[in-house]
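Trainee: Counting the sequence shown from 1 gives a position; this note's numbering is that position plus 247.
Heads up, none of these hints are tricks.
The calculated label-pair distances, taken between Cβ atoms and stated as ranges, are:
hint, residue 1, residue 2, range
1, 307, 379, 16 to 22 Å
2, 384, 441, 15 to 21 Å
3, 329, 406, 17 to 23 Å
4, 311, 419, 18 to 24 Å
5, 418, 363, 40 to 46 Å
6, 419, 319, 32 to 38 Å
Listed below are the simulated PhoX-like cross-link pairs for lysine-lysine, each with C-alpha atoms no more than 25 Å apart in a straight line:
hint, residue 1, residue 2
7, 313, 411
8, 409, 428
9, 379, 428
10, 306, 382
11, 312, 324
12, 382, 409
13, 313, 429
14, 350, 326
15, 333, 346
16, 312, 411
17, 326, 313
18, 429, 379
By construction, these hints were calculated from the structure, which means they are not laboratory data. Note that beta-carbon positions come from the ideal geometry of N, C-alpha and C, so glycine has one too.
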Amino acid sequence: MSRSKAVIAISIILSIAVGFFAGIEYKTYQLRKVMSEISEVFSNDTNNKSSESEKTEKKTIVIEKKIGDEISLATLKIKVNNIEEKNILSESSQPAVAKEGAKFIVIDAEITNITNGPFDYDSNGVVIIDNKDRKFEDYGDVFFAVDNYLEQRALQPSIAEKGKLVYEIADDAEHYSLSVKKAGTSEEYRISLK
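Given only the sequences and the hints, what does the whole structure look like? Please build it.
Mentor: Shown next as structure tokens:
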């Protein structure tokens, strides 16, 4: 009798152990399934966001302009009067030399605040884009090398400020444009400089 009780006890213990491990395996399966569904939802959400941003990028309207044309943005007007390519900037006491394989683009421009109040202008967001789709930001190390540098200005309403914007771009750029986006719209203005 004791042997049959031992067999029954072992059978019960084995059944409980098998049931326990089978239950854990089933729970693991359920957990994997839920994690897979969550991952798929986030993956689709990310894909939707990237496709939405691609749609936004695709909707950008590029408006081509020439030197001398005036561009009206949300808060200011910009007009490029003239440009020069230089290797050395030496209008002031401390000349600046373009790096090897680079050249300076000096833009004679006019900016006007078209709002009803004063604000501080800075040239962030105004870039040069070349024929290879490379973007160049303004060259910030020319404060003492160029007279009337327009990098930052306090603009009063309706008063035009004249000065120079300076960019250092790759020497192999064959064509390039000044690019500025109009805030609150999908418009991007490109002034063909060369």
